[in-house]
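Q: Sequence:
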Amino acid sequence: MKITVVALGKIGLPLAVQFAGLGHEVTGADVSPRVVDLVNAGVEPFPGEADLGARLVAVVRSGLLRATTDTAAAVATSDAVVVVVPLVVDATGEPDFGLLDSATEVIAAELRPGTLVSYETTLPIGTTRDRFGPMLERGSGLRAGRDFALVFSPERVYTGRVFADLRRYPKLVGGVDEESARRGLEFYAAVLEFDDRPDLDRPNGVWDMGSAEAAEMAKLAETTYRDVNIGLANQFARYAAAHGIDVHRVIDASNSQPFSHIHRPGIAVGGHCIPVYPRFYLWNDPTATIVAAARAANDAMPAYAAEVLRGALGDLEGARVVVLGASYRGGVKETAFSGVFPTVAALQAHGADVAVHDPMFDDAELAALGFDPYHVGEPAAAAVVQADHAEYRALTADDLPGIRVLVDGRGVTDPARWDGVTRLVLGRPPAEAR
0 MKITVVALGK IGLPLAVQFA GLGHEVTGAD VSPRVVDLVN AGVEPFPGEA DLGARLVAVV
60 RSGLLRATTD TAAAVATSDA VVVVVPLVVD ATGEPDFGLL DSATEVIAAE LRPGTLVSYE
120 TTLPIGTTRD RFGPMLERGS GLRAGRDFAL VFSPERVYTG RVFADLRRYP KLVGGVDEES
180 ARRGLEFYAA VLEFDDRPDL DRPNGVWDMG SAEAAEMAKL AETTYRDVNI GLANQFARYA
240 AAHGIDVHRV IDASNSQPFS HIHRPGIAVG GHCIPVYPRF YLWNDPTATI VAAARAANDA
300 MPAYAAEVLR GALGDLEGAR VVVLGASYRG GVKETAFSGV FPTVAALQAH GADVAVHDPM
360 FDDAELAALG FDPYHVGEPA AAAVVQADHA EYRALTADDL PGIRVLVDGR GVTDPARWDG
420 VTRLVLGRPP AEAR
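Using numbering that gives the first Met the number 0, you'd call the opening residue of the sequence shown number 0 and step up by one each time.
If you are wondering where the hints come from, they were derived from the structure by calculation, not from laboratory data. Please note that the accuracy of each hint is not assured.
Below, in silico cross-link-like pairs of lysine to any residue (SDA-like), each with a Cα-Cα straight-line distance of 25 Å or less [unchecked claim]:
hint	residue 1	residue 2
1	Lys1	Gly41
2	Lys332	Gly350
3	Lys332	Asp413
4	Lys332	Ala49
5	Lys332	Ile10
6	Lys1	Gly47
7	Lys332	Asp164
8	Lys1	Ser31
9	Lys1	Ala53
10	Lys332	Asp418
Between beta-carbon pairs, the in silico distance windows are [as the list claims (entries may be wrong)]:
hint	residue 1	residue 2	range
11	Leu199	Pro378	47 to 55 Å
12	Asp95	Ala367	45 to 53 Å
13	Pro378	Asp195	49 to 57 Å
Glycine residues also receive a C-beta, built at the ideal position from the N, C-alpha and C atoms.
Start from the sequences, fold in the hints, and give me the full structure.
A: What follows is the structure, given as structure tokens:
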């Protein structure tokens with residue numbers, strides 16, 4: 000089977016490698032010449048994805064995977080087109096369809112009868128059928144369901160372990176009609192392999208969701224549920240801190256009950272999924288007050304962390320404060336929707352002199368993001384742990400000479416290494432956090 004994967008990012012490239020690894024002829028299309036050149040050389044363009052480097056080299060050398068900037072030409076010879084172009088929200092929370100619309104128009108221009116088009120980018124409910132279906136039909140002169148198949152199939156993987164998650168989790172597929180669904184099920188059964196999951200109520204594999212809309216909602220429900228859960232934990236943390244209660248012990252006790260799972264509080268609720276996808280749901284359902292309240296609670300945590308630090312230090316005006324972690328989470332070199340941006344802004348609003356450290360970024364990269372780079376060993380009055388990089392577990396007070404207050408927004412630092420420093424973990428009373 001000839002397959003085109005449109006956009007070779009942190010999901011698209013592993014997907015292309017997965018498909019090629021099962022013997023399919025795959026073309027990866029991307030607008031970046033740099034990414035295309037690296038992929039064709041068998042070099043992964045971003046770090047941190049388990050097994051990607053070795054798998055990429057193997058499929059490129061075999062001739063089963065090549066990359067191109069000419070999306071139209073790739074689509075013209077494909078049996079299936081998988082779209083993984085990002086969809087983000089603007090400053091007002093509205094989805095910005097610009098990149099996806101442009102990609103869809105290019106695909107439509109060369110779409111041939113019999114091709115399957117699958118959108119894996121997380122979308123507001125109804126987008127596959129009501130937005131991209133008509134665009135593909137207008138640009139191609141073909142009809143969805145009759146001349147070409149159209150499905151939505153959400154990615155359900157975690158950056159850093161994509162290949163393992165592709166095997167572990169059922170692949171959800173929803174078509175705009177029965178024939179599209181049949182083609183989608185057939186396609187994903189041919190390009191994926193699945194672990195045995197006796198814990199599931201039906202065999203692991205490709206699951207038909209019944210409609211594109213149901214598949215779209217399934218992904219939004221998963222991520223929005225997490226956002227609401229985290230928002231609840233963050234509100235628990237703020238109340239607990241004000242009343243001398245260790246919320247982490249409360250959460251541990253609550254999670255000991257069957258079916259209970261409460262996330263831990265933190266300032267770093269970032270990345271591509273958590274801060275964005277609940278807004279997609281709200282775009283469909285603006286009356287969802289619980290979803291809106293959770294997003295507001297999570298958005299407020301960087302400012303809350305800055306207030307906690309100001310209360311402990313006394314005054315942030317002119318104080319050298321280090322934010323530890325530019326990434327949205329530990330071990331991933333990605334700053335999209337990272338908590339670092341609002342955390343730095345909140346500290347600067349209090350007059351702090353803010354620097355940023357991240358073991359995955361060099362000085363030039365941090366400067367390009369608008370940050371003053373910090374180097375371990377330089378003086379600092381205070382620090383805020385924003386990302387749970389493994390390296391931060393080994394940090395000590397001696398690594399930040401002069402530090403008086405540490406606000407650990409992720410609960411990763413070792414209290415034994417911070418003797419003499421006021422160490423505050425969100426949701427823990429000061430006496431227990433030290």
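Q: Each hint should be assessed against the structure and marked as holding or not.
A: Against the structure, the hints:
1. Using a Cα cut-off of 25 Å, the hinted pair lysine 1 and glycine 41 holds, with the two alpha carbons roughly 20 Å apart.
2. For a cut-off of 25 Å, the pair hint linking lysine 332 to glycine 350 is broken: about 28 Å separates their Cα positions.
3. Proximity of lysine 332 to aspartate 413 is assessed by CA-CA distance (about 23 Å); at most 25 Å being required, the pair is judged to hold.
4. A distance of roughly 13 Å separates the Cα atoms of lysine 332 and alanine 49; the hinted pair therefore holds under the 25 Å criterion.
5. About 14 Å separates the Cα atoms of lysine 332 and isoleucine 10, which keeps this hinted pair within 25 Å; it holds.
6. Our distance criterion of 25 Å between C-alpha atoms is broken by lysine 1 and glycine 47, whose separation comes to about 28 Å.
7. Distance hint between lysine 332 and aspartate 164 is fulfilled; the C-alpha atoms sit about 19 Å from each other, no more than 25 Å.
8. Only pairs whose Cα atoms come within 25 Å are accepted, and lysine 1 paired with serine 31 is accepted, the gap being roughly 22 Å.
9. For the suggested pair lysine 1 and alanine 53, the alpha carbons sit about 22 Å apart, so the restraint of at most 25 Å is met.
10. For the hint linking lysine 332 to aspartate 418, the alpha-carbon distance of about 31 Å lies beyond 25 Å, and the restraint is violated.
11. For the hinted restraint 47 to 55 Å between leucine 199 and proline 378, the CB-CB distance of approximately 54 Å keeps it satisfied.
12. As the Cβ distance of aspartate 95 to alanine 367 is approximately 22 Å, the hint placing it in 45 to 53 Å is violated.
13. Checked against the hint of 49 to 57 Å, the pair proline 378 and aspartate 195 passes, with Cβ atoms roughly 55 Å apart.
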